[in-house]
Amino acid sequence: MMDELRELYQEVILDHGKNPRNFRDVEDATSHAHGSNPLCGDQLVVYLKLNLGEVIEDVSFVGKGCAISVASASMMTELVRGKTVDEANDIFDHVHHMCTGEGEPSTANLGPDADRLGVLSGVREFPVRVKCATLAWHTLKAAIEGGEDATSEA
Amino acid sequence: MSDSAVNQAANQAELQETYDVERYRRDFPILSQTMNGEPLVFLDSAASAQKPRQVIDAVSAVYETEYANVHRGAYELSARATDAYEGARAKVRDFLNAAHDREIIFTKNATESINLVANTYGRRFLQPGDEIIISEMEHHSNIVPWQMLRDEKGLVLKAVPVSDDGEFMLSEFKNMLSSKTKLVAITHTSNALGTVTPAAEIAKLAHSAGAKVLFDGSQAVVHMPVDVQALDADFYVFTGHKLYGPSGVGVLYGKEELLNAMPPFMGGGEMIAEVTLEKSTWAALPNKFEAGTPMIAQAVGLGVAVDYVTAIGMGRIAAHEQDLLNYATQRLSSVEGLQIIGTAPVKAAVISFTLGDIHPHDISTIIDRAGVACRAGHHCAQPVMDRFGVMGTTRASFGLYNTRSEVDALVDAIERAREFFGG
Numbered sequence: 000m001m002d003e004l005r006e007l008y009q010e011v012i013l014d015h016g017k018n019p020r021n022f023r024d025v026e027d028a029t030s031h032a033h034g035s036n037p038l039c040g041d042q043l044v045v046y047l048k049l050n051l052g053e054v055i056e057d058v059s060f061v062g063k064g065c066a067i068s069v070a071s072a073s074m075m076t077e078l079v080r081g082k083t084v085d086e087a088n089d090i091f092d093h094v095h096h097m098c099t100g101e102g103e104p105s106t107a108n109l110g111p112d113a114d115r116l117g118v119l120s121g122v123r124e125f126p127v128r129v130k131c132a133t134l135a136w137h138t139l140k141a142a143i144e145g146g147e148d149a150t151s152e153a
Numbered sequence: 000m001s002d003s004a005v006n007q008a009a010n011q012a013e014l015q016e017t018y019d020v021e022r023y024r025r026d027f028p029i030l031s032q033t034m035n036g037e038p039l040v041f042l043d044s045a046a047s048a049q050k051p052r053q054v055i056d057a058v059s060a061v062y063e064t065e066y067a068n069v070h071r072g073a074y075e076l077s078a079r080a081t082d083a084y085e086g087a088r089a090k091v092r093d094f095l096n097a098a099h100d101r102e103i104i105f106t107k108n109a110t111e112s113i114n115l116v117a118n119t120y121g122r123r124f125l126q127p128g129d130e131i132i133i134s135e136m137e138h139h140s141n142i143v144p145w146q147m148l149r150d151e152k153g154l155v156l157k158a159v160p161v162s163d164d165g166e167f168m169l170s171e172f173k174n175m176l177s178s179k180t181k182l183v184a185i186t187h188t189s190n191a192l193g194t195v196t197p198a199a200e201i202a203k204l205a206h207s208a209g210a211k212v213l214f215d216g217s218q219a220v221v222h223m224p225v226d227v228q229a230l231d232a233d234f235y236v237f238t239g240h241k242l243y244g245p246s247g248v249g250v251l252y253g254k255e256e257l258l259n260a261m262p263p264f265m266g267g268g269e270m271i272a273e274v275t276l277e278k279s280t281w282a283a284l285p286n287k288f289e290a291g292t293p294m295i296a297q298a299v300g301l302g303v304a305v306d307y308v309t310a311i312g313m314g315r316i317a318a319h320e321q322d323l324l325n326y327a328t329q330r331l332s333s334v335e336g337l338q339i340i341g342t343a344p345v346k347a348a349v350i351s352f353t354l355g356d357i358h359p360h361d362i363s364t365i366i367d368r369a370g371v372a373c374r375a376g377h378h379c380a381q382p383v384m385d386r387f388g389v390m391g392t393t394r395a396s397f398g399l400y401n402t403r404s405e406v407d408a409l410v411d412a413i414e415r416a417r418e419f420f421g422g
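Going down the list, the protein sequences come from chains A and B. Numbering that gives the first Met the number 0 puts the first residue of the first sequence at 0, with every later residue one more than the last. Numbering that gives the first Met the number 0 puts the first residue of the second sequence at 0, with every later residue one more than the last.
No wet-lab data here; the hints were simulated from the structure. Positions of the beta carbon are idealized from the N, C-alpha and C atoms, including for glycine. It is possible that part of the hints are untrue.
Listed next, with one range per pair, are the computed distances between beta-carbon atoms [stated by the list, open to error]: (1) His96(A) <-> Pro160(B): 45 to 53 Å; (2) Arg24(B) <-> Gly102(A): 39 to 47 Å; (3) Ala67(B) <-> Val61(A): 54 to 62 Å; (4) Lys63(A) <-> Pro38(B): 32 to 40 Å; (5) Ser333(B) <-> Gly145(A): 50 to 58 Å.
Not close to chain A: a few residues of chain B, all C-beta gaps over 12 Å, as computed [as the list claims (entries may be wrong)]: (6) Ser31; (7) Gln228; (8) Pro344; (9) His358; (10) His360.
Kindly produce the complete structure, drawing on both the sequences and the hints.
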């Protein structure tokens, strides 16, 4: 029993959950999106600053959520900063497939990023928690695409 | 202690001794399951209760031996189905101590019952500027239909605040009442806090202001005896699945004169007296409000659930659950960092709590691995979560089948969650 829980709540997750990185807004954000999980009431906003519409120069988030959703958002901001929009989309596909088993795995070579994201894969053993892990990523995608709202139902 | 308090304590002790919880547990097949390798500790009856064998068998028996559409066929089987369906209505009437069977309307659930009143009574009798009073601790089902009606009709919707310990603030309610108040819609027991509201007093005050009163009794009927005539409720709603009955059936009680004055909710078969291509006339109560083929087997199942709790005795169930509530409150209070949200003096066996800054979903996942099923989140009552400044809570709710040792399992699991997150 504890093994599966340790798999879900790895030290990295607990650390990011308690001390989220880039937990702030971006004053000169070029776009932002609001994400919510209507089931549990979790809410967050992801801010993006795109350079020439291509490169993610800055990314951050604010909001409230469980350890999984906050950790996932925190790790996401670290991973996609400095990436191009296309690269961020590849990472989204990778995370989405890893957490849900749905869609196609990303064919892009994500290098060490893939290993870092592996800690999120523990949610697959906890189907009711998958949306906690994916909420921030759906919100990022909405911000990239210029949408305003994303939900974990997306 | 006063004499009455002594008597009450003695009665409670006697009830406890004769309450054979292990025997009742054996009636609920699902409770013998294991969850994640641990015995299932089901503490989410406020969301939906488990079903005793008697209800499960009754629903099967409807389909195996007496199923046909009701109020239609002239043949024996249809008559038997109609008798079973109407028999369930009589049981519910008895359960609520309503005056007449025709004051009991079967609906899909409590939500539909409230929407029925909003769409018929509300639309017909409320005028722009009229006021509806709810409370801060309503379930969304007793908020949203009134907001929709308000927006459609230009009404004013007010909410009675709750105190820091989760009590309904009667004095504030008195101040809100006026000749403009036309409807008061209040929970009889809060699903999020467990607070039992002073329903009889609320009804009296509402009536003296000339308003009608609706009680959401979904959480109340499962925890205590309810008498709609003693409360002088104009409308009283509850859902079947929280009362150990099937999902898909709920109840609207309404005083006959009000139900007669109200237009139908939905149009269709069953609810008519006569139909021509030009116009239709309505059936008498209760059929006027039961358009289409009703939830036949579910209603019969609800009738059997009512029989089941009545045979045990609602008073005895209430005493058993109060013992669990007191024990759980005491044990949970000793957990470091745990804060109970909702500490009103009169409560049903529902305990909402926070644990440091650990998110309720994280707590729920950890204790689920120990077999303990609790609800986590806002409990479809976001305004009251806002009132207490929390995103959500973890909620343990108790039913007639829960035990003190299950409370111990809950506390052990919570301690584990606290250690896990270094709380």
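So, going through the hints one by one against the coordinates:
no., hint, verdict
1, His96(A) <-> Pro160(B): 45 to 53 Å, "48 Å, holds"
2, Arg24(B) <-> Gly102(A): 39 to 47 Å, "44 Å, holds"
3, Ala67(B) <-> Val61(A): 54 to 62 Å, "59 Å, holds"
4, Lys63(A) <-> Pro38(B): 32 to 40 Å, "34 Å, holds"
5, Ser333(B) <-> Gly145(A): 50 to 58 Å, "52 Å, holds"
6, Ser31, "20 Å, holds"
7, Gln228, "39 Å, holds"
8, Pro344, "29 Å, holds"
9, His358, "4 Å, violated"
10, His360, "4 Å, violated"
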